[in-house]
Amino acid sequence: MNMRRFLTNLAALAAALALAGAGRASAQLLINGAGATFPYPIYSKWFDEYSKVDPSVRFNYQSIGSGGGQKQILEGTIDFGASDGPMSDQTLAKAPGKILHVPTVAGADVVTYNLPGAPRLRLDGPSIADIFLGRITKWNDPRLTALNPGVTLPDEDILVVHRADGSGTTYIFVDYLSCVSQEWQKKVGRGAAVKWPAGLGAKGNEGVTSQVKQTPGAIGYVELVYAIQNQLPYANVKNAAGNFIEASVGSVSAALAAATIPDDFRFSMVNSPGHDAYPIAGATWLLVYQQQRDAVKGRKIVEFLKWAMQEGEHNAPQLDYAPLPPDLNKRVLAEISGIRY
Amino acid sequence: MIAATAQRKVVLAPPSKAGDAFFKFLTWGMAMMVFVLVALLGWELFQGSKISLQQFGWRFLIHDWDPGNGNFGALPFIFGTFVSSLLGLMIALPLSLGTAIYLTELAPRWLRRPALSLIEMLAAIPSVILGLWGIYVLVPWLRDHPYPLLQKALAWLPVFRGHIYGQSFLSAAVIIAIMIVPIITSMAREVFRAVPDSQREAAFALGATRWEVTWLAVLKGSRRGMFGAAMLGLGRALGETMAVTMVIGNSTDISASLFAPGSTLASAIANQFSEAVDDTYRSALFELGLVLLLVTIVTNILAHLLVGAVSAPQDAFNA
Chain A
114 MNMRRFLTNL
124 AALAAALALA
134 GAGRASAQLL
144 INGAGATFPY
154 PIYSKWFDEY
164 SKVDPSVRFN
174 YQSIGSGGGQ
184 KQILEGTIDF
194 GASDGPMSDQ
204 TLAKAPGKIL
214 HVPTVAGADV
224 VTYNLPGAPR
234 LRLDGPSIAD
244 IFLGRITKWN
254 DPRLTALNPG
264 VTLPDEDILV
274 VHRADGSGTT
284 YIFVDYLSCV
294 SQEWQKKVGR
304 GAAVKWPAGL
314 GAKGNEGVTS
324 QVKQTPGAIG
334 YVELVYAIQN
344 QLPYANVKNA
354 AGNFIEASVG
364 SVSAALAAAT
374 IPDDFRFSMV
384 NSPGHDAYPI
394 AGATWLLVYQ
404 QQRDAVKGRK
414 IVEFLKWAMQ
424 EGEHNAPQLD
434 YAPLPPDLNK
444 RVLAEISGIR
454 Y
Chain B
-6 MIAATAQRKV
4 VLAPPSKAGD
14 AFFKFLTWGM
24 AMMVFVLVAL
34 LGWELFQGSK
44 ISLQQFGWRF
54 LIHDWDPGNG
64 NFGALPFIFG
74 TFVSSLLGLM
84 IALPLSLGTA
94 IYLTELAPRW
104 LRRPALSLIE
114 MLAAIPSVIL
124 GLWGIYVLVP
134 WLRDHPYPLL
144 QKALAWLPVF
154 RGHIYGQSFL
164 SAAVIIAIMI
174 VPIITSMARE
184 VFRAVPDSQR
194 EAAFALGATR
204 WEVTWLAVLK
214 GSRRGMFGAA
224 MLGLGRALGE
234 TMAVTMVIGN
244 STDISASLFA
254 PGSTLASAIA
264 NQFSEAVDDT
274 YRSALFELGL
284 VLLLVTIVTN
294 ILAHLLVGAV
304 SAPQDAFNA
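Protein chains in written order, with my numbering: chain A, 114 to 454; chain B, -6 to 312.
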């Protein structure tokens, strides 16, 4: 065995690898983000597409949850955060600089269930609240049968399934229930996790999905995309205008268009007044400092955000997210232009 | 060659004690690392839970968990942790002791090693795998077959009343039992093996039957050791997270029924940490960790005191 030649080859290989690595590292700027899991699929699609638009930056996004996203942007350990709920005044007050909320897309929570024949049910806010409060306990309760003429509902116990983990999905759902039921607001309230008056908890959208699928008579709430992918039935929900609306990208966009959105973009869009608006919907946000510390990174982040608003939004419907309506999109672009670096 | 070696030995200096001292110091340092680690862990948890400690004080231990209204307390989780762990222990203990007795006293020699290896392999199954198996296989089966039977037979007991969801304290206890059987079995086996054969022979010589020998010569003298084994199993059960989270049903209600869903200290932390956005909430989760650490430490200290008190040789302790 020719040891010397082997070593020479090895050294050459190592040098080549080192050069290649150094070349890549110096050419690409790494921008770190972390936070919400709900928008992870579309964000990773955006980062992937954007790497073709601007090969000089690479985005690294960790979907650790909205709590982690908010905490890390406050501490400045990441370049941008992501959250399924807007930051509270109290939390924002702790930030070293002004944090901007950039709404990106919106999604819907659907009420899904396991009933023989998988009928398309019609539900209204108060009845959903009473089911999850444990007040309505049978599927053939008069209030449910009255809402669903023509559907035979079985004389079976309703088994409530909710999220066990803290989640933006839960926030949207209980935010809606708090809007439509005073008792819910007083007794349970809002939050990414709450003290559920009834039922059992499963982990993640996939946990709730499989629990509902497995258990006859179960009812739960999941993001729209999970119900579609698992072919679970979901209810049409009565909106503020009195219409029963099916959850879809279109009806969530309608809700977004009709929602009142303040200038800091911290808003809730549940129970939106629009005629065709689906009422249990919520947006998700990217969190960035208005004054960027690093000029190069700051410029790249602004370029990316502008691209996301102008181009990236077109990807949203394929992934079952609702894009921002045009006038909101314009307002968000103006906000992005205000980022300084 | 031999001569040269012999020559050298003569000129060697007398052995120095410095090496020994250094070695002792080194190993002492390593041993201390463990204490330092636990102390730091406790300190960090204490620091993290400061806000919650200030806001809720001792009431934290007896208060309900209501994140929607900003009120936090560990009571439902302490309750769930003890109910699921103790119940798990009650299921695991007879199984483990029976297995250990069979393996030390009754099993043919060729079977002992393979059987023990198999049981120890059970301990190597990752928690999350057991949890998945729990969700998709064990819990639906328990829900459809044994639970309704149990309810029918024992409906007069309040602990077997109520709706059968599947995910429940009882299901968590069954999973915990599966996870702690290997520990208790191998511990108990060591304890039984520590009983000198002369005791067994003496009992046989007095005309005792196999059962009487096991009872009088082995079990009676090993009570403390068995208790220690059970306590170590309990220590593991208290902190068990992933599999329990997956099958306990994650409700914060305190229910008398074992068919009702509940939560444990560990499962609450695992579930809620990632989306805990405000400081009080996060701090309360840290305090749950602190409570869990204290509960586990106290249990383990108790276990070690008890095991240490056994008259058997040290190997029972080191198993």
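Some hints here could point you the wrong way.
Pair ranges (Cβ atoms, derived) [to be verified]: (1) A:K299 <-> B:L125: 52 to 58 Å; (2) B:M23 <-> A:L432: 49 to 55 Å; (3) A:P262 <-> B:F75: 30 to 36 Å; (4) A:E188 <-> B:P7: 58 to 64 Å; (5) A:K326 <-> B:E205: 41 to 47 Å.
Just a sample of chain A residues kept apart from chain B, beta carbon distances all over 10 Å, derived [as the list claims (entries may be wrong)]: (6) S179; (7) D270; (8) K316; (9) F378; (10) A408; (11) G451.
It is worth saying that the hints were derived from the structure and are not from the lab.
Glycine included, C-beta positions come from ideal geometry on N, C-alpha and C.
key: Distance rule for K316 (chain A), whose beta carbon must clear each one in chain B by more than 10 Å   = violated (6 Å)
10 Å cut-off, C-beta based - G451 (chain A) kept clear of every residue in chain B = With a cut-off of 10 Å, G451 (chain A) remains clear of chain B, as the shortest Cβ separation is near 25 Å.
ask   = Range hint 58 to 64 Å: satisfied by the CB atoms of E188 (chain A) and P7 (chain B)?
value = Holds: the Cβ-Cβ distance is about 60 Å, inside 58 to 64 Å.
key: Range agreement (Cβ of L125 (chain B) with Cβ of K299 (chain A), hint 52 to 58 Å)   = This hint is violated: roughly 39 Å between Cβ atoms.
ask   = Taking the beta carbons of P262 (chain A) and F75 (chain B), is their distance inside 30 to 36 Å?
value = violated (50 Å)
query = Is 49 to 55 Å right for how far apart the beta carbons of M23 (chain B) and L432 (chain A) are?
reply = holds (52 Å)
key: Beyond 10 Å from every chain B Cβ - status for S179 (chain A)   = Its Cβ does come within 10 Å of chain B, the nearest being 6 Å, so this is violated.
ask   = Between K326 (chain A) and E205 (chain B), does the C-beta distance stay in 41 to 47 Å?
value = violated (55 Å)
key: 10 Å Cβ clearance of F378 (chain A) from chain B   = Non-interface label on F378 (chain A) holds, nearest chain B Cβ at 17 Å vs cutoff 10 Å.
key: Minimum Cβ-Cβ distance from A408 (chain A) to chain B exceeds 10 Å   = Consistent with the label, A408 (chain A) stays out of reach of chain B, its closest Cβ about 30 Å off (over 10 Å).
request  = With 10 Å as the threshold, tell me whether D270 (chain A) passes as away from chain B on beta-carbon distances.
outcome  = violated (6 Å)
Going down the numbered hints, you'll see the structure goes against 1, 3, 5, 6, 7 and 8, while the others check out.
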